[in-house]
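K.L.:
For this one, chain A is given, so just place chain B on it according to the hints.
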Amino acid sequence: MATFLVRRSIGAILVCIAVTFVVFLIFIVVPGGDPAQRIAGKNATPQNIINIRHSWGFDQPFYTQYWVMLKKMFGGNLVSYTSQQNVLTQIVQGMPATFSLTIGASIIWLFFGILVGVLSAITAGRLSDRVITVLALIGISMPVFWLGIITRYYLAEGGLVTWFPDGEYVGITQSPVQWLSHMILPWLVLAVLFIGFYGRVLRGNILDTINEDYVRTAKSKGLTPRRILVKHVLRTSLIPIVTLFGLDFAAVLGGGAILTETVFDLHGVGQYAELSINNFDLPPIMGVTMYGAFFIVVFSMIVDLFYAYLDPRIRPT
Amino acid sequence: MEPGGALMAERLLEVEDLSVHFATVDGTVKAVDGVSFELERGKVLGIVGESGSGKSVTAMTLMGLTRDVNAHFGGEVRYKGRNLLELSESEMQGYRGNEIGMIFQDPMTSLNPVYRIGEQIVEAIQAHDKVDKRVAKRRAVELLKQVGIPNPESRVDDFPHQFSGGMRQRAMIAMALSCNPDVLIADEPTTALDVTIQAQIIELIGRLKDDFNSAVIMITHDLGVVAEIADEIIVMYAGRVVEQAEKRDLFYDPQMPYTWGLLGSIPRLDRPKPERLHSIKGAPPSVINAPAGCKFRPRCPHAFEKCVDEPALENRVEKPGHLDRCWLDVEVKRALRDATISGDTQEAA
Numbered sequence: 001m002a003t004f005l006v007r008r009s010i011g012a013i014l015v016c017i018a019v020t021f022v023v024f025l026i027f028i029v030v031p032g033g034d035p036a037q038r039i040a041g042k043n044a045t046p047q048n049i050i051n052i053r054h055s056w057g058f059d060q061p062f063y064t065q066y067w068v069m070l071k072k073m074f075g076g077n078l079v080s081y082t083s084q085q086n087v088l089t090q091i092v093q094g095m096p097a098t099f100s101l102t103i104g105a106s107i108i109w110l111f112f113g114i115l116v117g118v119l120s121a122i123t124a125g126r127l128s129d130r131v132i133t134v135l136a137l138i139g140i141s142m143p144v145f146w147l148g149i150i151t152r153y154y155l156a157e158g159g160l161v162t163w164f165p166d167g168e169y170v171g172i173t174q175s176p177v178q179w180l181s182h183m184i185l186p187w188l189v190l191a192v193l194f195i196g197f198y199g200r201v202l203r204g205n206i207l208d209t210i211n212e213d214y215v216r217t218a219k220s221k222g223l224t225p226r227r228i229l230v231k232h233v234l235r236t237s238l239i240p241i242v243t244l245f246g247l248d249f250a251a252v253l254g255g256g257a258i259l260t261e262t263v264f265d266l267h268g269v270g271q272y273a274e275l276s277i278n279n280f281d282l283p284p285i286m287g288v289t290m291y292g293a294f295f296i297v298v299f300s301m302i303v304d305l306f307y308a309y310l311d312p313r314i315r316p317t
Numbered sequence: 318m319e320p321g322g323a324l325m326a327e328r329l330l331e332v333e334d335l336s337v338h339f340a341t342v343d344g345t346v347k348a349v350d351g352v353s354f355e356l357e358r359g360k361v362l363g364i365v366g367e368s369g370s371g372k373s374v375t376a377m378t379l380m381g382l383t384r385d386v387n388a389h390f391g392g393e394v395r396y397k398g399r400n401l402l403e404l405s406e407s408e409m410q411g412y413r414g415n416e417i418g419m420i421f422q423d424p425m426t427s428l429n430p431v432y433r434i435g436e437q438i439v440e441a442i443q444a445h446d447k448v449d450k451r452v453a454k455r456r457a458v459e460l461l462k463q464v465g466i467p468n469p470e471s472r473v474d475d476f477p478h479q480f481s482g483g484m485r486q487r488a489m490i491a492m493a494l495s496c497n498p499d500v501l502i503a504d505e506p507t508t509a510l511d512v513t514i515q516a517q518i519i520e521l522i523g524r525l526k527d528d529f530n531s532a533v534i535m536i537t538h539d540l541g542v543v544a545e546i547a548d549e550i551i552v553m554y555a556g557r558v559v560e561q562a563e564k565r566d567l568f569y570d571p572q573m574p575y576t577w578g579l580l581g582s583i584p585r586l587d588r589p590k591p592e593r594l595h596s597i598k599g600a601p602p603s604v605i606n607a608p609a610g611c612k613f614r615p616r617c618p619h620a621f622e623k624c625v626d627e628p629a630l631e632n633r634v635e636k637p638g639h640l641d642r643c644w645l646d647v648e649v650k651r652a653l654r655d656a657t658i659s660g661d662t663q664e665a666a
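Chains A and B supply the protein sequences, listed in that same order.
Under our numbering, think of the first position of the first sequence as 1, with each following residue one higher.
Under our numbering, think of the first position of the second sequence as 318, with each following residue one higher.
Careful, some of the hints might be misleading.
What the hints assert, rightly or not - For lysine-lysine, the following DSS-like pairs were computed, each having C-alpha atoms within a straight-line distance of at most 30 Å:
(1) 623/B <-> 636/B
(2) 564/B <-> 623/B
(3) 42/A <-> 72/A
(4) 636/B <-> 564/B
(5) 231/A <-> 462/B
(6) 598/B <-> 564/B
(7) 397/B <-> 636/B
(8) 623/B <-> 598/B
(9) 564/B <-> 397/B
(10) 231/A <-> 450/B
(11) 454/B <-> 231/A
(12) 231/A <-> 447/B
What the hints assert, rightly or not - Derived list of chain A stretches under chain B, where covered just means 3 residues or more per stretch with a C-beta under 8 Å from a C-beta of chain B:
(13) 51-61
(14) 207-220
Please keep in mind that the hints were generated in silico from the structure rather than gathered at the bench.
Heads up, the beta-carbon is just placed ideally off N, CA and C, and yes, glycines get one too.
Next up, chain A with everything else stripped away, as it sits in the complex (with noise of 0.2 Å):
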């Protein structure tokens, strides 16, 4: 057990690591990255861009700048190249709101994944079925940018009724219920997708499993059809959703959410990293992907721990 953790953290140190050598190694390769040049603005003249080029350490060696941001990074003092504000602070600004879309998401998406996997799987072939499908394909389809900004349009814009408040995030200290009212229409475009995903790949599961041997085992000691479905059927369909569900939420939580949090205006971490792509700003990009990565690897940590828990066979002994 502590030889497995000893070994996982290090490979997940690696990890981090070597994405923000990919994420800075792109920022040097793509054209137009130039940063004094974006930093001096419009108007530069080249001794300005000269200038700055040196201040900031940009006429280094590249792995002298690598260094040098690593270092900032973990030091929690990398500053923005646009708006030179300190990157972790932004981090931190945004986890709320983040954080809150991707919980409660994750709660409706769990739930309904389950609920229509398992109605769908038990009702296989028959019209409930069929129907449900369809629906989970709709969702599947269905692009977050657009679908958020129908719901918004529609429900909360007045398109057909104001049921919603328009976009933004009030934190739930300051209000519970506004916290609340703002979150519902975020969390429900996110889990569309999910929903129709997990349920799909539940079915498909479930309806491997009842052939197992083991669930003929348990009919035949004449359990009841409920008891079959819910300790012996689906104890094993629900472990590689365990896998899924831990790399979709910490990928949410790390900032993935990118077009639910801009279409939302939510003002979470996805959102500043969109913004910070969109200024082709170095700094805050590497932090955010660091931020992300440190959720992914950890996550996914977690989700081999639980993997032991819910299979004896790979239990270390």
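P.N.:
Relative to chain A, chain B alone:
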């Protein structure tokens, strides 16, 4: 042979003209077609046949495990006088495990990998007996001891993957017997096991049958498996019973050429070694478009004109109760048979 022969034989199971047909996109699969047999307490019935002969479907149907929207059943399966085919699904649950227990071919996959052996036995007990979990667990330990698991007190908390194949099959048997069923169905219980373990498992089933005062249906493709343990043997081919006899008669006076083929394909140490082990030429017929007449005709080296009509399953030899489906004259047949089983003749391909 049977202990307490003075007692009146108690008929536990009467299967009468059972048919199981499945509707598929390719047509109707007649998996089981007109099968009849009886089972008395204390007896072992062997059902023998190749893959696809309908022996497993017969067994699963007794347990109500073949129920499906596409399955159609005919005939009757009477357990202690009650027709199981007419029971509702929830009534059937009361019989599964409680009155009829079943063990399966592959003990590697028949136990749920994520639950402890003990948990799975306790679950079976609690499905029918409303007993405390601790009581049920004590019974699980006792059962594991009865099936010959060493250190049952600690092994009861093991997971299936910590058991060897033979031990898993023992655990399966313990689980199937946990509610003291009157009939135990063993569907190829030794096929996935090593030869040395096979003999132990068969011996165990025979002993437990007496300990639990039950009856056993042993399903196998290997006549060697039932040679020791069975009282009566049914040979199935393409969903039909083709021969039915007491064990001694089936082994010493088999009437169906198909049965000869099965007997001939067992390696024998008490006879001269043949060039090659005998095998039955060809493959079992499709049960969707079964050939008219005798189902074995296309593979039978002794088929003649009469075989285009299917012979009835009836008694043709001196011994009553020995039934077969073959048109050949009994004396002609006996002469042909001795040649076939000892492997001296090369029959036509």
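K.L.:
Run every hint past the structure and note whether it holds.
P.N.:
For each hint, the structure was consulted:
1. 623/B <-> 636/B: The hint holds at about 24 Å.
2. 564/B <-> 623/B: Distance of about 28 Å is within 30 Å: holds.
3. 42/A <-> 72/A: holds, 28 Å
4. 636/B <-> 564/B: Distance ~12 Å between residue 636/B and residue 564/B Cα, so the pair holds.
5. 231/A <-> 462/B: holds, 26 Å
6. 598/B <-> 564/B: With Cα atoms ~25 Å apart, residue 598/B and residue 564/B stay inside 30 Å; holds.
7. 397/B <-> 636/B: Holds, at about 28 Å.
8. 623/B <-> 598/B: Cα-Cα ~21 Å, so holds.
9. 564/B <-> 397/B: holds, 25 Å
10. 231/A <-> 450/B: At roughly 17 Å apart (the allowed maximum being 30 Å), residue 450/B and residue 231/A satisfy the hint.
11. 454/B <-> 231/A: holds, 18 Å
12. 231/A <-> 447/B: holds, 19 Å
13. 51-61: violated (count 0)
14. 207-220: holds (count 8)
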